[in-house]
Every structure is written in C-alpha cells, then in structure tokens.
Amino acid sequence: MFRLSNSENYQMPIERVRSMQSRVIIVSVFLIGLLFILIGRLAYLQIVSHQDFAALSKDNQVQVVPVPPVRGQIYDRNGTLLAGNETVYRLAITPRYVDDLDSLLAKIGNIVPVSDEEVSKFKRKLGLSNKHTEIVLKDFLSPEEVARVAVDRYSMPGVSIVTELHRVYSSSFYTSHVVGTLGQIDKQDLQKVDPVRYRGLQHVGKLGMEMVSEDILVGSSGHNQVETNAHGRKIRVLSRAMPTAGSDIYLTIDLDLQKFAYDALGDEVGGLVAIEPSTGQILAMVSKPSFDSNVFGIGSEQDERKVLLNSEDRPLLNRAVQGQYPPGSTIKPFLAFSAFETGMGNRKYYCPGWYQLPDYSRQFRCWKSGGHGYIDLFDAIAESCDVYFYELAHRLGIDEMYYQLSKFGFGNVTGVELSYESAGILPSKEWKQWTKGEPWYEGETLITGIGQGATLVNMLQLAHATSIIANRGVKFRPQLIHKTVDVQGEEYLYVPDLIEVIDINERSYGPIIKAMEKVVHSNRGTARRISEGMEYRMAGKTGTVQIVSRKKEADRMDLEKTDKKFHPHGIFTAFAPTDNPEIVVAVIVENGASGSAIAPIARAVIDHYLLSEPETADSKGDSFAIVTDH
Amino acid sequence: MIRLQLSLTTSIRRLNGFPVRLDIPLFLLALLLCLLGLAVQFSAGGEDLDQLIRQAVRIVVAVAIMLALSTVPIEVLRRFSPPIYLAAVGLVILVLAIGFTGRGAQRWLDLGGFRFQPSELLKLAIPMMVAYVLTSTFFKNYRNIAFWISGVLVLVPAFLVYLQPDLGTALLIIAVGAAAIFFGGLSWRWVGISSFSVLALIPLIWPFLQDYQKTRVLTLFDPWSDPLGRGYHSIQSMIAIGSGGISGKGWLQGSQSQLDFLPERNTDFVFSVFAEEFGFVGGMILIFIYSLLIARCLMIAYRCDYDFARIVVCSVAIMTFVHLFVNVGMVAGILPVVGLPLPLISYGGTSMVTVLAGLGLVMGAQYAKRTV
Chain A
1 MFRLSNSENY
11 QMPIERVRSM
21 QSRVIIVSVF
31 LIGLLFILIG
41 RLAYLQIVSH
51 QDFAALSKDN
61 QVQVVPVPPV
71 RGQIYDRNGT
81 LLAGNETVYR
91 LAITPRYVDD
101 LDSLLAKIGN
111 IVPVSDEEVS
121 KFKRKLGLSN
131 KHTEIVLKDF
141 LSPEEVARVA
151 VDRYSMPGVS
161 IVTELHRVYS
171 SSFYTSHVVG
181 TLGQIDKQDL
191 QKVDPVRYRG
201 LQHVGKLGME
211 MVSEDILVGS
221 SGHNQVETNA
231 HGRKIRVLSR
241 AMPTAGSDIY
251 LTIDLDLQKF
261 AYDALGDEVG
271 GLVAIEPSTG
281 QILAMVSKPS
291 FDSNVFGIGS
301 EQDERKVLLN
311 SEDRPLLNRA
321 VQGQYPPGST
331 IKPFLAFSAF
341 ETGMGNRKYY
351 CPGWYQLPDY
361 SRQFRCWKSG
371 GHGYIDLFDA
381 IAESCDVYFY
391 ELAHRLGIDE
401 MYYQLSKFGF
411 GNVTGVELSY
421 ESAGILPSKE
431 WKQWTKGEPW
441 YEGETLITGI
451 GQGATLVNML
461 QLAHATSIIA
471 NRGVKFRPQL
481 IHKTVDVQGE
491 EYLYVPDLIE
501 VIDINERSYG
511 PIIKAMEKVV
521 HSNRGTARRI
531 SEGMEYRMAG
541 KTGTVQIVSR
551 KKEADRMDLE
561 KTDKKFHPHG
571 IFTAFAPTDN
581 PEIVVAVIVE
591 NGASGSAIAP
601 IARAVIDHYL
611 LSEPETADSK
621 GDSFAIVTDH
Chain B
1 MIRLQLSLTT
11 SIRRLNGFPV
21 RLDIPLFLLA
31 LLLCLLGLAV
41 QFSAGGEDLD
51 QLIRQAVRIV
61 VAVAIMLALS
71 TVPIEVLRRF
81 SPPIYLAAVG
91 LVILVLAIGF
101 TGRGAQRWLD
111 LGGFRFQPSE
121 LLKLAIPMMV
131 AYVLTSTFFK
141 NYRNIAFWIS
151 GVLVLVPAFL
161 VYLQPDLGTA
171 LLIIAVGAAA
181 IFFGGLSWRW
191 VGISSFSVLA
201 LIPLIWPFLQ
211 DYQKTRVLTL
221 FDPWSDPLGR
231 GYHSIQSMIA
241 IGSGGISGKG
251 WLQGSQSQLD
261 FLPERNTDFV
271 FSVFAEEFGF
281 VGGMILIFIY
291 SLLIARCLMI
301 AYRCDYDFAR
311 IVVCSVAIMT
321 FVHLFVNVGM
331 VAGILPVVGL
341 PLPLISYGGT
351 SMVTVLAGLG
361 LVMGAQYAKR
371 TV
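Listed in order, the protein sequences are those of chains A and B. Following this note's numbering, the numbering of the first sequence begins with 1 at its first residue and continues without gaps. Following this note's numbering, the numbering of the second sequence begins with 1 at its first residue and continues without gaps.
Heads up, a few of these hints could be off.
What the hints assert, rightly or not - In the EDC-like style, the derived pairs of lysine to aspartate or glutamate whose C-alpha atoms are separated by at most 20 Å in a straight line are:
(1) A:Lys514 / A:Glu312
(2) A:Lys58 / B:Asp260
(3) A:Lys234 / B:Asp260
(4) B:Lys140 / A:Glu341
Stated by the list, open to error - Listed next, with one range per pair, are the computed distances between beta-carbon atoms:
(5) A:Val112 / B:Ala56: 42 to 50 Å
(6) B:Ser195 / A:Gln63: 25 to 33 Å
(7) A:Met242 / B:Leu52: 16 to 24 Å
(8) A:Arg236 / B:Val57: 47 to 55 Å
(9) B:Leu52 / A:Gln188: 57 to 65 Å
(10) B:Leu52 / A:Pro95: 54 to 62 Å
(11) B:Phe159 / A:Arg236: 37 to 45 Å
(12) B:Gln253 / A:Ile47: 17 to 25 Å
(13) B:Gly90 / A:Lys125: 53 to 61 Å
(14) A:Lys125 / B:Ser195: 57 to 65 Å
Stated by the list, open to error - Pulled from the structure, derived: some chain A residues nowhere near chain B, Cβ distances all over 10 Å:
(15) Ala54
(16) Gly266
(17) Pro577
Derived from the structure by calculation, the hints contain no laboratory data. These numbers come from a predicted model, not from an experiment. Where is the CB? At the ideal position from N, CA and C, for every residue including glycine.
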C-alpha cells in the first residue's frame, strides 16, 4: 500500500504529549461550561418563560374572527321585500403578506378584470390603513370569478375573498325616506353601539327605519376562533359562537299605495302621509324629491353621496315628518272645535272681505275680497272664510287657542317610530317670550286663527290630527311597524297604540265633519272640483300658505307670470269615507299654488285605496292635473 | 503496516475484502443524530416524503464517505494535507471569482446536479494543514515560526470566506484553526496573548462588517424593537422553543413550525422545531447525545499519542461543538443569526458530509501510533 516515512514527521517529546492530554481535559471542562449556558438559556425559555411564549404562540396561531349577524329585512304590510340582504363577494388584499404588490396586482389582473380606477382607489386606501387589515380591491365578483381566484390563491399570499351581505333596497326612491339607509359606522356611532354586539359589522342604520329600528334589525355578532398560519391563511375553525340574526320588520306601509302616492306627487316638491285612522297605522309616507337609497351601499361612489348631501333640494330630508309648514286654512276645522268648547259654536259673523281690530290700523283681509257676507261656522269652514276665523281667534284669545289646538297634537311630536320627526310650532305667549323675548301682539292671534304666522306643522301631524277628527276624538299613536318576526319565526304584533280620547265634546264632531264634507261636496266648497264622480263621501280641508309676506301682494300675484318659487304652498288634508273613515291623507306641494289645486292628489290616493278595483288608466292621468286658480 | 486491533469498542469488519474500521459508539451516536434529524425533517418539511428520501440518500452517501475515510491511514492523510488545503483554498477563490464576475454573491459551485460549498471543505482542510505544519520536522527547531505560519494559514482562507460573504463559516474556520494551533502545543503565554488580542480586535472589526451583519448583532440585543422585520426570525424561534415547554407539543404538532411561523425551519432553525415538538426534555436528550459524541472524540484524542491525529481529532470535536453551540445559541436568541447548521440534523448535504467525514478521520485516527 502506502510507503510511510515518518522521518519528516516531528513528534513531541512524550512529556509534551502528557501536557497536550491535559489540555484535552481542560477544554472538555470549558466546553461543559459553555453547554451549561445553552442549557440555562433553554431552561429559561422553556420552563421559566414557558407561559409567556405559549401565549405568544397561541396569539400567533389563533385569531378571533368576528362573524357579523345577518341584518333583519324590512317588508311592507303585505310582505313585499323593501330592504333585503344580498351576498357580495369582494376581493381583498392584506398588505402584510405581500412582498411585491405590483406583480401581485398584475397577477390578479390576469384572473379577474381590475380597472385602473379600482387600483388607484385601492392604493389610496392602502396608504390610510394598517398592514394587517384586508383592503378591498374589487367589489361584486361573480361566482365564476370567485372560483378562478380560489384556484390560484395558493400562489398569491395575502389575497382573500371577503363575503359580505350587502343591503339592497328593491323599491328605492319610493320608500327611501321611510325605510332609510345604512352607512359606515363612524366615530360617533362607535360611542353609541355595544362594541361586542357590533364586532365585524361595518354598517349601521343612518336614516329612516334602518336607523330608528337598529336595535331590532341588527341582531348580535358571533365569532369564530380560527387557526391561521403565518401567511394569514385559515387552517381550521377551532370553535364557533354563532351570531344571532336580527328580526325582520313588517312596516304598516302599503307598497302599492306608497308607489301610487309617490307617482301622484309627480315632480313636485312636497310630502304626503296616509294613515288608517282606526289604528294609527301609516299606509304611505312620501317625500319628494327622493333619492336612491342604494347609493349608500357597497361599491357606490362617494361623489354620488356628496351630491345628495349637498343638493339644494335636500332630498335626504323627509318632508313628511321633518318638513315644517304653516298649516294655513287646514287649521280651521280644529279651531272650530274651540268655538264649540267655548260655547260660540252657532254664531254668525259678517264678512265684508276684511277684518280690523278696534285699535289697529292694519286690515286683515279675507281671501275673498268681496267678502262672504253673513256666514256661520260650517260655511266658514267649507268656504274657508278668513274673517270668520279672525273674529273667532280674537274672541278665543291665544291662550285658549293654544290649549284647544294642542289637544290635536299640534306643537308636539306624534310619537311615530321616526324619532327625528319635527314637533312643529304651536305659538303661545310663553313661546314667543321664550324664543323671541317679545310680548304677544293681538294681530298674531288673528293670523294664528287662519294657520299663518308662527304655527308650523308637518304632514304627519296634520294627518294625525285629521285622523283624530275622523275617529271622533280617539287618538292613536301613528305607527310604522306592523310586526316584527324574529329569527325563530316568532311574530310580535305591534297593536294599535291608543293614547287617549281627547277632551272634546263628542257632539261637536258631527257638525264639523259635515262642514269638512261640504269642503269637497258642496258647490261652494274650496275643493269642490274633486268631488266629480266620487263614489264615496270625503271630508277635507284645503290650505294655501303664502310665501310672499304681505298678503295684499300675494293676492294680486298673477300666478302665470310669477316665478314658481314664490307661488304659495298648497296643503290638503282629508279622510274618507266620512261615515266610516278608512284612510286619512295629508299632502303638501311646495309652491303648489293652493290647497284646491293639489286636492286631486289626495283624491287619487284615496280613490286608489278605497276602490278595490283599479281605476282605469286614462282617468288617472287627468286627476293629477294641478289647477292653478282658487 | 498498520496493526489490526480488536477491542470492546472498536472492531474491524471486512466489506468485500476491504477492511472497514468502525468506532461503534461514534457510529451509533452519529447514526442516532441522523435518524433524529430525519424525524424532525419530516415534521419541519410539512411531511414531505420526497424531501425525506433525498435527505436519507445524503446520509447514506455521507456515511459511505465517513467509512471510506476511516480506512485511510492517518499518516497518508497527513501527507496529503497540503494538496487538500491548496485545493480547498483554490476552490474558495474560484467561487469568489465567479461571484465577482457578475453572477452575484454565492458560496457554492454547481457540480452538475448537486451544489458543493468549498468553504465546508476548509473546515477539515485547515486543521489538517495546521497539524501538518506543526508536526513537520522542517520546523523542528523553529517552533515559533511554525505557529506564525499556522496563523496565516488559518486567517487567509477565513478572510476569503468572509468575503463571500459568509461570516458564520469564517468565524467557525478561525475557531477550528485556533483549536488546531492550541492542541498543536501553543504555549499558554501565547494562548493568553492571542485571546486578549482577539477581544481587543472586536471593536476594530465592527466598522468592517456588512450592514446586514451589524443588524443581526444589534437585533440580538433587542429583537422586539422590530418584531415583524429584523427581529422576526429570532422572535418566532424563541416563541417556538419557549412554547414547547418541558415536554413539548408532540411530534408533528408544533404550531410555530407547522403553520409556517418559523423561518428556515429545515436548516438553520431546525433546533427550534425540535425544541417546540419535544420540549426541554427532548432538547436535553439531543444535547446529551451531542455531548457523548464530542466526548467520544475527545476521549480518542486523549488516548492518541500520534500528534497529527490528536490535533485533527480535537479540531473535529471543536468544530462539531462550535456548530452545535452557535446554532442552538442563535435559535435561542443569545447569539446573532449567522447561519451555521445544526450538525447531522439540518437539511442539506455539504454540512452532513463535512461532519461525517470529520468523524471518519476521528475513527481512522485512533489506529495511528506514535512511531518515534
């Protein structure tokens, strides 16, 4: 084999070898010492600090993922869906797990179409949020696109499909104000809501029933304990706490009538409320102009929302409950009850066309400049004589008027579910002192008597007050929720909420209802035009609200030539049939010229409701025409 | 010729007529570590059987190399030390040159299918070369010159490896070389002087470190300053080890490794996987096995009266120990993350071959006899 020569191999002297052997021992001891450093460190990590690291490991591995509840749906009284939930698939990216965003976006672009706009929107959001949150790149993925993404997801760490329920309003515009909308939970909401209950929810009711019935609709959040890997991928669900779905709400609204009323108002600005007097249930509530409630949902543009919020027409305002208008002559029947209550019911006054207080120089004019001559209370209602009510107001005094009118709910909220309803104003001496710091003038008493001046009502209040007359004193709370159905299918009926029988002599109702009937059916009634061909008896009252402050000028105004925004508002309130009232309608058309001009809208709505067989299409068209003379 | 010897712990078998010298304790301990390595690889690799088979093949190849080396008489190896050393240094320069000519920094040569790291070869070539110089009759009367030359022979290739850049291996080479010089008989006075110089040099070396190397050292002192960036590896590793507790989470049950939180869990951080799944008890058993392996090497060295063999055996023992100490120290967060594998357990062939070849030298060395 090998020839070995050790001649060139120098060997230590044997005693040096012994010394080297001792070095082996010394080094062994040194190494053992070093090993104990390792052992000590491991003991520290695995025994002393085990609890801490076990918790960190658990944190790494287990994430609590909130499972938002399914929001209750909203239906009309007949079970037609108004606000429902639709599943939306959204493509989201968690930046923390992405190394090269641009190549990832390019890769996604090969799988599903992504527009430049979506990318720039995504990048804007990317700058604002933290690296661990999912940021939506694309909304409304089709199921097919979802499948395509799912197939390639393993190669795209950080990409996820977010499934969300999206609120869809199938009768948007028609029902936007009543049903309302959802909006992003903002800072103010966070202070109000229970954070545990809302875990995982991003939206909260912002308007309409969605807002006021939030508690009924929202349900309660659940959560999953999910094991995730370092890339945020879900491995398995460890435990679940199921969310509780919210209850469904059935409104008292009749969608068919609601749509009809909406169309009947046409392009006018105004509001309409229809109430079933025997229960207080609100059958229709329309506010014009309306808006698309879907604009506030997923995937909509912020610009569209801004337009809505800043529009001069204020489409988000629910004119039916928030719009405050002077009631004009529609206040007269209510004031007429005061005449009976104070024993002045059967008096006649002379109307020369104007009225003057003893020590006042100012003349208060009747709308009919020639005057009504000698006129009693009932004709004064039917023909809307102003002078009669100046006289009555003067004799009652503001304190008595305030007392009597407040029985009908004027100046107070009705208690409808839409808690942001306005209370309106019913003026009194105290009110004026309080708000303006001025004494009450007698002239103000007079104009309060014809529903001008400081008095403000909304259409719900007017319809509510009218339904008290229709009910002969029985006052129900106006009601929008018919019933709720919880997730187990248990129904909770919202029974009519009888507040009181108001303190009015019941013998007053008959004559005054008769007088209101004459408004429509007598040949001198202010709304006589709508009685033509009517198959039932209707009681109503017109009101015309001057916008130009000086009545004299307003009277001389030539409606044909003036800008529409200076036209008076038209108000009409009515119920039918008079002997057994089934529906009350109060309607306002801003700049609608006069109460008689817009009365056909109310008739059309009442016709539609009372006459079970649908009206023929051609007769409908005519009845909406707004007549501009008095 | 070589005298054949049979004792309780050593035996000579004949394989196809070729004598195989086998140190049974060393062989069994190494095999045990390799098997443990396979078990933990299976867990760390996501139960990938192909990967496991590849590693098993590497073990077989490396064991064959070990057995082959054990048959080569240590005297022969001594005479081949200079060419081996020169070849290793040449290959390191070649790798560096390839790196400089635009292929980007790399540490390995691609030899048609498998990658070979010349710096690994240095781990054995350097102690052999140092031992060769220190036992050369040429320097019989110039002992001091022999030590100075040894120092240069260690530091030059270490510097080349550092340029690759591979700080971990460079430091390991220095440690192994220093061990060879120490066991070659450097006087205690010079041991003291050089130890002191090294300590004094540390602040001087600092500015020459690459930025990423500085970061690694700084991160060691406060990994939580950047838990998702520079401190991430270190923190996840400590979480894995710490959450293992005393008895561990069980084989294949380590959430840190199974759920991808641990980086490099097949290679540099394989100990974290082991410690997470087998706990403190498992870690102690593993360290105990290593201790036995190293102790067996040192025992052979102690008995050995042939200078070259003793120096090489001690160096192999120190090499194994430094690998173990640095690797465990780095995954446990007391040493910077420098990228030294855990001997016989980390995935990869080159390190496996180095360690088992080293053990082959050890096995062969115990038959060497003092001839003068």
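Here's how the hints hold up against the structure:
no. : hint                            : result
1   : A:Lys514 / A:Glu312             : violated, 42 Å
2   : A:Lys58 / B:Asp260              : holds, 14 Å
3   : A:Lys234 / B:Asp260             : holds, 12 Å
4   : B:Lys140 / A:Glu341             : violated, 138 Å
5   : A:Val112 / B:Ala56: 42 to 50 Å  : holds, 44 Å
6   : B:Ser195 / A:Gln63: 25 to 33 Å  : violated, 51 Å
7   : A:Met242 / B:Leu52: 16 to 24 Å  : violated, 42 Å
8   : A:Arg236 / B:Val57: 47 to 55 Å  : violated, 34 Å
9   : B:Leu52 / A:Gln188: 57 to 65 Å  : holds, 59 Å
10  : B:Leu52 / A:Pro95: 54 to 62 Å   : violated, 36 Å
11  : B:Phe159 / A:Arg236: 37 to 45 Å : violated, 52 Å
12  : B:Gln253 / A:Ile47: 17 to 25 Å  : holds, 19 Å
13  : B:Gly90 / A:Lys125: 53 to 61 Å  : holds, 57 Å
14  : A:Lys125 / B:Ser195: 57 to 65 Å : holds, 59 Å
15  : Ala54                           : violated, 5 Å
16  : Gly266                          : holds, 61 Å
17  : Pro577                          : holds, 74 Å
Of the numbered hints given earlier, the model fails hints 1, 4, 6, 7, 8, 10, 11 and 15; all others are met.
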